[in-house]
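**Q** Using my numbering, the letters of the sequence shown correspond one by one to residues 1 to 320.
Possibly wrong hints are sitting among the right ones.
Below, a list of computed lysine to any residue pairs in the SDA-like style, where the Cα atoms sit at most 20 angstroms apart [what the hints assert, rightly or not]:
| no. | residue 1 | residue 2 |
| --- | --- | --- |
| 1 | Lys-78 | Asn-203 |
| 2 | Lys-72 | Phe-207 |
| 3 | Lys-129 | Leu-160 |
| 4 | Lys-277 | Gly-288 |
| 5 | Lys-39 | Gly-229 |
| 6 | Lys-121 | Phe-144 |
| 7 | Lys-277 | Met-29 |
| 8 | Lys-78 | Gly-229 |
| 9 | Lys-39 | Glu-49 |
| 10 | Lys-277 | Tyr-45 |
| 11 | Lys-233 | Ala-267 |
| 12 | Lys-201 | Ser-96 |
| 13 | Lys-129 | Gly-76 |
| 14 | Lys-78 | Leu-200 |
| 15 | Lys-72 | Leu-55 |
| 16 | Lys-129 | Ile-153 |
| 17 | Lys-201 | Gly-174 |
| 18 | Lys-78 | Thr-205 |
| 19 | Lys-233 | Ser-216 |
| 20 | Lys-277 | Ser-96 |
| 21 | Lys-72 | Val-62 |
| 22 | Lys-78 | Lys-129 |
| 23 | Lys-129 | Tyr-45 |
Cβ-Cβ distance ranges computed for the label pairs, FRET-style [claimed, not checked]:
| no. | residue 1 | residue 2 | range |
| --- | --- | --- | --- |
| 24 | Lys-233 | Ala-43 | 20 to 26 angstroms |
| 25 | Arg-131 | Leu-299 | 21 to 27 angstroms |
| 26 | Phe-208 | Phe-170 | 17 to 23 angstroms |
| 27 | Val-32 | Asp-119 | 41 to 47 angstroms |
| 28 | Val-54 | Arg-131 | 37 to 43 angstroms |
| 29 | Val-32 | Met-302 | 28 to 34 angstroms |
Since the hints were derived computationally from the structure, they do not count as laboratory data. These numbers were taken from a predicted model, which means no experiment stands behind them. Note that beta-carbon positions come from the ideal geometry of N, C-alpha and C, so glycine has one too.
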Amino acid sequence: MEGLITQNYKRVYVYKNFLRILSVFLSFMVVVFIFYNWKDILAVYDTIEIHWVVLGFGCYVVNYIFRGVRLKLLTGSKLRFFSQAFHFSILHGFFSYLLPLRAGDISLPILLKATGKIDLKEGVGVLVKLRVMDFTMIGIFTIFGAYFGARMISSTVRGLWLLSGVVLTFFWFGFQKIGKFGNYLLKNKFKYEFDISGLLKTNLTEFFVTALIWISVYASQYCMVRSLGLDFKLSEVIFLSSIQLPLQMLPVQGVANSGNHEGGWVAALVLMGFGTKQALQFAIASHGVLVIYVALLGLLAMITGNRKVVSFFEKPMIKI
Numbered sequence: 001m002e003g004l005i006t007q008n009y010k011r012v013y014v015y016k017n018f019l020r021i022l023s024v025f026l027s028f029m030v031v032v033f034i035f036y037n038w039k040d041i042l043a044v045y046d047t048i049e050i051h052w053v054v055l056g057f058g059c060y061v062v063n064y065i066f067r068g069v070r071l072k073l074l075t076g077s078k079l080r081f082f083s084q085a086f087h088f089s090i091l092h093g094f095f096s097y098l099l100p101l102r103a104g105d106i107s108l109p110i111l112l113k114a115t116g117k118i119d120l121k122e123g124v125g126v127l128v129k130l131r132v133m134d135f136t137m138i139g140i141f142t143i144f145g146a147y148f149g150a151r152m153i154s155s156t157v158r159g160l161w162l163l164s165g166v167v168l169t170f171f172w173f174g175f176q177k178i179g180k181f182g183n184y185l186l187k188n189k190f191k192y193e194f195d196i197s198g199l200l201k202t203n204l205t206e207f208f209v210t211a212l213i214w215i216s217v218y219a220s221q222y223c224m225v226r227s228l229g230l231d232f233k234l235s236e237v238i239f240l241s242s243i244q245l246p247l248q249m250l251p252v253q254g255v256a257n258s259g260n261h262e263g264g265w266v267a268a269l270v271l272m273g274f275g276t277k278q279a280l281q282f283a284i285a286s287h288g289v290l291v292i293y294v295a296l297l298g299l300l301a302m303i304t305g306n307r308k309v310v311s312f313f314e315k316p317m318i319k320i
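Using the sequences plus the hints, can you model the full thing?
**A** Listed below in structure tokens is the structure:
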């Protein structure tokens with residue numbers, strides 16, 4: 001038994017090191033491209049439309065207001081809205097986006113535990129539920145985008161796009177139906193026993209707020225795309241986002257989502273008829289805008305919620 005445990009530990013160690021190396025490699029490749037093409041990338045920024053950038057940031061903030069509302073709902077109204085639910089949602093998004101390997105995801109359960117009202121297991125349950133809800137909502141919007149279409153994509157791509165939307169839409173319901181296997185997966189990942197069916201029970205209010213979150217996200221993405229001079233329809237922005245956003249959930253992620261963001265944008269733009277180099281220039285330019293959004297809102301949350309940030313870095317470290 002001891003040998004088996006040691007063997008499993010080695011496998012996990014090798015797997016995590018592989019992800020670290022791959023994440024560093026993705027970040028490095030993005031930096032190399034920027035180094036050799038910085039003039040072309042700056043040329044994209046020279047024509048940027050500031051009013052679209054500002055409007056996109058406004059939609060980004062609204063997205064987190066709704067995320068705060070949802071977090072308050074999912075925790076049974078145990079949190080104060082502005083100083084806890086809203087701030088925690090922003091900080092969770094900030095750390096999840098900036099830290100490599102999805103390491104920032106665990107910040108939400110730790111922040112919730114710091115309140116003294118929610119234990120770590122309940123916090124992990126909240127994290128799992130909101131992630132499953134997000135995947136389902138991305139699926140619904142993906143179906144919408146596939147129906148209205150995007151320029152230059154073939155019928156095969158449209159069919160695969162529609163199929164991916166259907167799969168994501170039923171992710172929520174399917175996850176509830178896998179029963180004991182789902183419980184095993186969560187226990188293996190988070191070291192806690194969960195009742196999948198009970199964990200993922202939801203109501204219309206939670207579903208509606210999640211829809212508002214993703215309407216705000218896609219509105220922000222639309223504004224960001226328009227700010228770069230790309231005259232896309234909303235369905236085309238959804239097509240781009242339906243490829244790019246799920247990549248943010250992968251464990252392979254460089255610093256500030258480097259690599260994942262560019263990969264999603266390039267794949268979508270190439271399928272829409274753009275050249276690879278031009279697609280990568282737009283991808284990096286859009287990434288710069290998004291990093292500004294994330295950093296600005298995250299830093300504002302830290303400044304206006306200092307005590308909560310202290311709790312995040314100190315109190316949870318005592319006992320988990």
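**Q** Flag every earlier hint the structure violates by its number, smallest first.
**A** Numbers 3, 6, 8, 12, 15, 16, 20, 23 and 28 - these are the hints that the structure violates, sorted from lowest upward.
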